[in-house]
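Guided by the hints, dock chains B and C onto chain A, whose structure is given.
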Amino acid sequence: MSNEKSISLDHGSGGLASQNLIGDLFLKYLTSPQLRDLEDCAVLGEHEGRIAFTTDSYVVDPLFFPGGDIGALAVHGTINDLCMRGARPIALSLALIIEEGFPLAELERVIASVGRCSEAAGVAVVTGDTKVVPHGKADRLFINTAGIGMVSHRCEISGKRARPGDAVLVSGTLADHGITIMSSQAGIAIGGDIKSDTQPLHRLVGALLEDYNCQVHVLRDPTRGGLATTLCEIAASSRVRIAIDEDQLPIRPAVAAACEMIGLDPLYLANEGKCVLICDARAEGAILHLLRSLPEGRDAALIGRVEAGNDGRVSLTTRIGGSRLLEPLTGLPLPRIC
Amino acid sequence: MCLAIPMQVVEVRSADDGLFDAQVALVEMDGIEKEVRLEMVDRVPEPGEYVIIHAGFAIRTLTVEEAEENLRLMRRMAEVLEAQGRLPGAPE
Amino acid sequence: MKCADEFRSREITAPLVAEIHREAFRPVRLMEVCGTHTMAIFRHGIRSLLPDTVELLSGPGCPVCVTPAGHIDAFVSAVRRPEVIVATFGDLVRVPGSDGSLADARAAGARVEIVYSPMDALALAAREPERTVVFPAVGFETTAPTIAATILQAKRQGLDNFLVIPANKTMPRALEALLDDPQLQVDGLLCPGHVSAIIGAEAYRPLAERYHLACAVAGFEPADILAGLLSLVRQVNAARATVDNCYSRVVTAEGNLRAQQLMAAVFAPVDSEWRGLGAIPASGLALGEDFRRFDAMHVLDLPLSTARDPRGCRCGEILKGRLLPPDCPLYGGACTPLHPVGPCMVSGEGTCAAYHRYSDLKTSRRTAAAGQSTVRPYQGHP
Numbered sequence: 003m004s005n006e007k008s009i010s011l012d013h014g015s016g017g018l019a020s021q022n023l024i025g026d027l028f029l030k031y032l033t034s035p036q037l038r039d040l041e042d043c044a045v046l047g048e049h050e051g052r053i054a055f056t057t058d059s060y061v062v063d064p065l066f067f068p069g070g071d072i073g074a075l076a077v078h079g080t081i082n083d084l085c086m087r088g089a090r091p092i093a094l095s096l097a098l099i100i101e102e103g104f105p106l107a108e109l110e111r112v113i114a115s116v117g118r119c120s121e122a123a124g125v126a127v128v129t130g131d132t133k134v135v136p137h138g139k140a141d142r143l144f145i146n147t148a149g150i151g152m153v154s155h156r157c158e159i160s161g162k163r164a165r166p167g168d169a170v171l172v173s174g175t176l177a178d179h180g181i182t183i184m185s186s187q188a189g190i191a192i193g194g195d196i197k198s199d200t201q202p203l204h205r206l207v208g209a210l211l212e213d214y215n216c217q218v219h220v221l222r223d224p225t226r227g228g229l230a231t232t233l234c235e236i237a238a239s240s241r242v243r244i245a246i247d248e249d250q251l252p253i254r255p256a257v258a259a260a261c262e263m264i265g266l267d268p269l270y271l272a273n274e275g276k277c278v279l280i281c282d283a284r285a286e287g288a289i290l291h292l293l294r295s296l297p298e299g300r301d302a303a304l305i306g307r308v309e310a311g312n313d314g315r316v317s318l319t320t321r322i323g324g325s326r327l328l329e330p331l332t333g334l335p336l337p338r339i340c
Numbered sequence: 214m215c216l217a218i219p220m221q222v223v224e225v226r227s228a229d230d231g232l233f234d235a236q237v238a239l240v241e242m243d244g245i246e247k248e249v250r251l252e253m254v255d256r257v258p259e260p261g262e263y264v265i266i267h268a269g270f271a272i273r274t275l276t277v278e279e280a281e282e283n284l285r286l287m288r289r290m291a292e293v294l295e296a297q298g299r300l301p302g303a304p305e
Numbered sequence: 055m056k057c058a059d060e061f062r063s064r065e066i067t068a069p070l071v072a073e074i075h076r077e078a079f080r081p082v083r084l085m086e087v088c089g090t091h092t093m094a095i096f097r098h099g100i101r102s103l104l105p106d107t108v109e110l111l112s113g114p115g116c117p118v119c120v121t122p123a124g125h126i127d128a129f130v131s132a133v134r135r136p137e138v139i140v141a142t143f144g145d146l147v148r149v150p151g152s153d154g155s156l157a158d159a160r161a162a163g164a165r166v167e168i169v170y171s172p173m174d175a176l177a178l179a180a181r182e183p184e185r186t187v188v189f190p191a192v193g194f195e196t197t198a199p200t201i202a203a204t205i206l207q208a209k210r211q212g213l214d215n216f217l218v219i220p221a222n223k224t225m226p227r228a229l230e231a232l233l234d235d236p237q238l239q240v241d242g243l244l245c246p247g248h249v250s251a252i253i254g255a256e257a258y259r260p261l262a263e264r265y266h267l268a269c270a271v272a273g274f275e276p277a278d279i280l281a282g283l284l285s286l287v288r289q290v291n292a293a294r295a296t297v298d299n300c301y302s303r304v305v306t307a308e309g310n311l312r313a314q315q316l317m318a319a320v321f322a323p324v325d326s327e328w329r330g331l332g333a334i335p336a337s338g339l340a341l342g343e344d345f346r347r348f349d350a351m352h353v354l355d356l357p358l359s360t361a362r363d364p365r366g367c368r369c370g371e372i373l374k375g376r377l378l379p380p381d382c383p384l385y386g387g388a389c390t391p392l393h394p395v396g397p398c399m400v401s402g403e404g405t406c407a408a409y410h411r412y413s414d415l416k417t418s419r420r421t422a423a424a425g426q427s428t429v430r431p432y433q434g435h436p
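Residue numbers (the numbering used here), protein chains in the order written: chain A, 3 to 340; chain B, 214 to 305; chain C, 55 to 436.
In silico negatives: residues of chain C with every beta carbon more than 12 Å from chain B:
#1 Pro81
#2 Glu137
#3 Arg165
#4 Arg227
#5 Glu263
#6 Asp344
#7 Arg376
Some, not all, of what chain C presents toward chain A, calculated at C-beta under 7 Å:
#8 Thr67
#9 Gly99
#10 Ile100
Calculated from the structure, these hints are not laboratory results.
Remember, it's a predicted structure, so these values are computed and weren't measured experimentally.
Beta carbons are placed, not taken as given, at the ideal position from N, Cα and C, and that holds for glycine.
The following block holds chain A by itself, in its conformation from the complex (with noise of 0.2 Å):
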């Protein structure tokens, strides 16, 4: 590269310009084949199985946080939205919009934390695009991603399959992310305990799928809107009732902490590398216990049940004793002071 040191609307044009930036920055971190055949679409080979599909879009502000970067939220978050499905990831792609201006070393960076986690998961990024619009037309960048897996298990995974009775999991502690990147925006030093969670739960699913196939009814992410919003969506879903327990959720002491810094709930911030799995209750006892011998799942913990109750209410027992019905979010949390 020359000694430009941000992208400007030539390396979006398709010439030359283009041509170096995708030669010395993107096949400098992404070393797939495919990628580097740079034709107009990856073909891949042949898998059993039905195929999954996923896609998703990244903005998010700051771009770099302790933990993780938007290229590492973009590539574990399209691998853990195929594997919720039980499926195993393939291949992802990746497309930019970036704004005219936005620095070349910030780009490096995110494109380096791609490849970097990509080639982690074993997850090969096979094709891309790149446009650049002008100046004031973007927030820095945005990141597109799709991905494809291949689903083989005999029992399907469904959002509309708990059960009453049920137990009701989560892989580990909750709000870690949405905590990271409010307490940045809201001026918070934050600890060495408080980073993102960002990280590919394919290896940790597929462990569970091996041996409790069946057993396993829901697995999802909890990632914008949280727990909370979450468990909402999947007691609809199923048409059922769940109640889970405050004393059961795994939360750090520092991300609780902060929560009640900046007036935030923790059951409503976004989780980038947990997921609950709501399974038969027989299986309980050894699924935890697998989960917990998964580097992804230490923190496992039981933390409620599936009820019969066809209104899809979502009720939380407090540490008092008390009880107290959890809604979907409205809107964007926001901190409050009052």
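Frame of chain A; chains B and C shown alone:
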């Protein structure tokens, strides 16, 4: 208008402003650190004491003893009837 | 602090709950006047633990709720100026005035920043000298001293691009206005913990004496709230009307004199309009003479209208404890957390929002026909 939480004081020092001899406290809770202003606190805390924080300012300094005394009062409130030998659920 | 956990442990709260059940053998009507109390009560499920004989009303303790629409319009008017950045507490961002909210203005391209402290707004002004930073000064006596300190700091730093829109309010006069209403029947008042840290527990003595009203100053942990409620129930049983400071670790009888002095140095009492309650004398804070140059209304020549409450909205009566949210014809239909009409629904701690989020009652009693589950939507226009 009351969201305020107790945090422990790690250090008291001069504010960075250069112009004015303001004091700030570095406070900590569960690994979170923050700098808070001391202009409105009732008394300047010692390291180890606690302050109630609201909107970036300490509004009150308190000691562990004061917190424990408050707790004792609450315990006593609830024990009074049991001490008088009444059975649970019996009307006044 | 380590023993903070105890204030939320069942070991402390369960006996207090049991005592309330024992003592509240006849109906008692209590009012809490602090939005953070409303939130804490719902968050910990305290209502579900109380006997039916204890009725808890929510009074005007949510400063966002009682900021009149005219002031919201002034905030929005300010941020629409291209050179202005409004730096505000998050609570205000979605509150609707008569012409949209700060969030709506932001969506249209205005610069609205959420800050955690007024000092952050000042720091923003120092960093962006070519813009004017306007801070909407809302809140009660817990927050007013923080704003006073910030203004003093702005004066010392010689900044000329930091302004406030004065909209702070003070508690005791509003409580008097409430209690003066002969239709208002309350037996006891749960007094706001952190406002009391500033103004002192004795501030409520005249209320207790004049209205024969049981008062209890309470903090915000579950044990604090339960202890306050228990104190009120006991006082009512004994026909006593005093001020019981149940938050002794934070509140003293005379309050925080330093904070009071800070307020007095910068602010002066002024008559103030409270949404739903009307004008209450000496219940607001205006900038003193020496600090007029920080008043955005004056410096930016902002209009202050007396905007009408949206038609049908019963926030005023709900704030006075005369109605519950389901008694408002708009509740759950035209007015929901996602599309709020009045501030009681917008603010996360507003009575209606809390009700809608946490209780079983999601629609208005006034429009639900017997046997039907759908609510007829409100057709009129403000």
